[in-house]
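As a plain string of letters, each chain reads:
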Amino acid sequence: DQQVKQNSPSLSVQEGRISILNCDYTNSMFDYFLWYKKYPAEGPTFLISISSIKDKNEDGRFTVFLNKSAKHLSLHIVPSQPGDSAVYFCAASLIQGAQKLVFGQGTRLTINP
Amino acid sequence: SAVISQKPSRDICQRGTSLTIQCQVDSQVTMMFWYRQQPGQSLTLIATANQGSEATYESGFVIDKFPISRPNLTFSTLTVSNMSPEDSSIYLCSVTSGRDIQYFGAGTRLSVL
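So the sequence lines, in the order shown, correspond to chains A and B. For the first sequence, my numbering gives the first residue as 1, with consecutive numbering after it. For the second sequence, my numbering gives the first residue as 1001, with consecutive numbering after it.
Please note that a few of the clues may not be correct.
To be verified - Here chain A is said to cover these stretches of chain B; the calculated rule only asks that three of the stretch's residues, wherever they fall, bring their Cβ under 8 Å from a Cβ of chain A:
1) 1043-1054
2) 1065-1077
Unchecked claim - Think about it this way: if two alpha-carbon atoms lie no more than 25 Å apart in a straight line, the pair counts; the simulated DSS-like pairs of lysine-lysine are:
3) A:Lys68 <-> A:Lys56
4) A:Lys54 <-> A:Lys71
5) A:Lys5 <-> A:Lys100
6) A:Lys100 <-> B:Lys1007
7) A:Lys71 <-> B:Lys1065
8) A:Lys71 <-> A:Lys100
What the hints assert, rightly or not - Which chain B residues face chain A? A few, computed with CB under 10 Å, are given here:
9) Ile1004
10) Gln1006
11) Lys1007
12) Gln1014
13) Gly1040
No lab work stands behind these hints: they were computed from the structure. Backbone N, C-alpha and C define an ideal beta-carbon position, used for all residues, glycine too.
Okay, chain A solo, but in the shape it has when bound (with noise of 0.2 Å):
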C-alpha cells in the first residue's frame, strides 16, 4: 500500500524555466509533508516543509503547494538551475515533528543547459 506516490519517475527542464514536482498522498491524517533533494552517494537533504494547516509555503526558489481536499502537494523550483539537477522525494507524517516518515518514490529530476 504506498501511502505517498509520485507519479512521475523523472522530469527534464531547461535551464531557467520552472521545474514542477508532484505528489499525491491516500492517508487523510497526515498533517505535516516535506522535500528532500537527493544526489546519489548522499542521503536526502532537507528541502522545505509545509503543515496541513497551510496552503502554501515559500523559502527562495522553492514553493510547496498543499491541496488537502485533493490529497496533492507539488515543489515548485524557479528558475531551475543545473545545480537543482537530482532525485527529489516528498515525504508525509502524521504530525509535525513526528518519528515515522512516509516517501515517495521519487522524481528524478535533470536541468538542462
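Guided by the hints, dock chain B onto chain A, whose structure is given.
Chain B only, in chain A's frame:
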C-alpha cells in the same frame, strides 16, 4: 542541523554473513532512525532507536534480522544479519533536530553476493 557520519559507506558481503553499520551524530539527540532504500524504491523506515530502551520496529522488520543498539545519545548501530541478496540496499540513519526535521546520513550501500 545535525551532522551524521555513517560507516562503512559501502560494502560487498557474502550471503549468510552479518554487517554492522555505525551511525555517529555530532550532537545529542533523543531519537535515531534507520531506513532502507531498496533499488528503485522509496525509503522505508526499519526502526526507531531510543537511548536506553529497545528499538521500535516497523511492520515487516524484526529484531532478529535487524538488531539495533543505542548505547548513548550520539551513536547507534544497525546489524543486517544472515544476509541474502534481497538485503542489497542503501541503509540510512537519520535524526530529528531543531525544527522537527529529519536529517540523514550519507547511507551505507550494501551489496550481498
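Hint numbers not upheld by this structure, sorted from lowest to highest: 2, 7, 11, 12
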